[in-house]
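Residue numbers (this note's numbering), protein chains in the order written: chain E, 1 to 111; chain D, 1 to 113.
Watch out, some of these pointers could steer you wrong.
If you want a taste of the chain E side facing chain D, the calculated C-beta under 7 Å gives, among others [stated by the list, open to error]:
1) N18
2) N22
3) T27
4) N30
5) I49
6) R50
7) L99
8) F101
9) G102
10) K103
11) V109
12) P111
Anything over 12 Å on all C-beta distances counts as not near chain E; from chain D, calculated [as the list claims (entries may be wrong)]:
13) R9
14) T20
15) F64
16) S72
17) F73
18) F75
19) R79
20) A92
21) Q100
22) L113
Keep in mind the hints are simulated off the structure, nothing from the lab.
Computed from a predicted model, the values in this text were never measured in an experiment.
Even for Gly, the Cβ is constructed at its ideal location relative to N, Cα and C.
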Amino acid sequence: SQQGEEDPQALSIQEGENATMNCSYKTSINNLQWYRQNSGRGLVHLILIRSNEREKHSGRLRVTLDTSKKSSSLLITASRAADTASYFCATGGGSQGNLIFGKGTKLSVKP
Amino acid sequence: DAMVIQNPRYQVTQFGKPVTLSCSQTLNHNVMYWYQQKSSQAPKLLFHYYDKDFNNEADTPDNFQSRRPNTSFCFLDIRSPGLGDAAMYLCATSMNTGNQPQHFGDGTRLSIL
């Protein structure tokens, strides 16, 4: 399988704390993407980091990419209860370069 | 707002009774995808359309079919639903393939009685 794998599977933190999720993948990539999924809803694209980038920021999100280790991390700073969701990484390892999603990290932020 | 809309949000059907799920988009994207997502699992790609070209994933059961009559609409047909087909079905769009960002609808939760 060329699927990405997120770690941890579940994470529970208090509001205001930082949350870090990791993703490992198996093949070479053009880019890696992170998505959020609220319970019972569709996925929302958060951020895309290209293979020649090492770090990218978007608001309270910080993504790093280490292609030598085939890994990426997503950091959410100063978390809020509204950040409670599942977070998926995705890479283009599928047929015709389609995305393959990892199993996700379920984040719970307690008020 | 440009978006991807899936109807209905919840669908209940009987074992073996054909069911159709629909998806529409106002983004004018040329690629539309259908994913199956079971509880606490990753979305699994069933197939996608690149314009009018249909691309089936190798492990998608024959029971699942799709139609795209125009750019805006795409349908998922399940010919004879089994209990194992109960899942969330997600439609997504993108401008071209090649791991572009995808825009998702809110899904249809399918239950089989």
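Verification of the supplied hints:
For N18 of chain E, the interface hint is violated, the least distance from its beta-carbon to any beta-carbon of chain D being 24 Å, above 7 Å. Among the interface hints, the one on N22 of chain E is violated; its C-beta lies about 16 Å from the nearest C-beta in chain D, farther than the 7 Å criterion. Annotation: interface hint on T27 of chain E violated; nearest CB of chain D at approximately 12 Å, more than 7 Å. A cut of 7 Å between beta carbons decides the hint on N30 of chain E: the least distance to chain D is about 6 Å, and the hint holds.
Of the supplied interface hints, the one on I49 of chain E is violated, with its beta-carbon coming no nearer than about 12 Å to a beta-carbon of chain D, more than 7 Å. At its closest, the beta carbon of R50 of chain E sits 10 Å from a beta carbon of chain D; the interface hint therefore is violated under the 7 Å criterion. The restraint placing L99 of chain E at the interface with chain D holds, with a minimum CB-CB distance near 6 Å, inside the 7 Å limit. At its closest, the beta carbon of F101 of chain E sits 4 Å from a beta carbon of chain D; the interface hint therefore holds under the 7 Å criterion.
With a cut of 7 Å, the hint placing G102 of chain E at the interface with chain D holds, because the nearest CB-to-CB distance is about 6 Å. A distance limit of 7 Å between C-beta atoms decides the matter here; for K103 of chain E the minimum to chain D is near 5 Å, and the interface restraint holds. Hint on V109 of chain E is violated. Least Cβ distance to chain D is approximately 18 Å, over the 7 Å limit. With its C-beta approaching chain D no nearer than about 24 Å, P111 of chain E sits outside the 7 Å limit, and its interface hint is violated.
The Cβ of R9 of chain D does not lie farther than 12 Å from every Cβ of chain E; its closest approach is about 9 Å, which violates its non-interface assignment. Listed as outside the interface, T20 of chain D is consistent with that label: its C-beta sits roughly 19 Å from the nearest C-beta of chain E, beyond the 12 Å cut-off. Listed as a non-interface residue, F64 of chain D keeps its Cβ farther than 12 Å from every Cβ of chain E; the least gap is roughly 16 Å. Its beta-carbon lying about 17 Å from the closest one in chain E, S72 of chain D satisfies the requirement of being farther than 12 Å from that chain.
The beta carbon of F73 of chain D is kept farther than 12 Å from every beta carbon of chain E, the shortest such distance being approximately 17 Å. No Cβ of chain E comes within 12 Å of the Cβ of F75 of chain D; the nearest lies about 17 Å off, and the non-interface call holds. Under the 12 Å C-beta cut-off, the non-interface status given to R79 of chain D relative to chain E holds; the minimum distance is some 23 Å. Distance to chain E contradicts A92 of chain D as a non-interface residue, since its nearest Cβ pair spans about 8 Å, not more than 12 Å.
Chain E draws Q100 of chain D into its interface by the beta-carbon criterion, the shortest separation being 9 Å against a cut-off of 12 Å. No Cβ of chain E comes within 12 Å of the Cβ of L113 of chain D; the nearest lies about 20 Å off, and the non-interface call holds.
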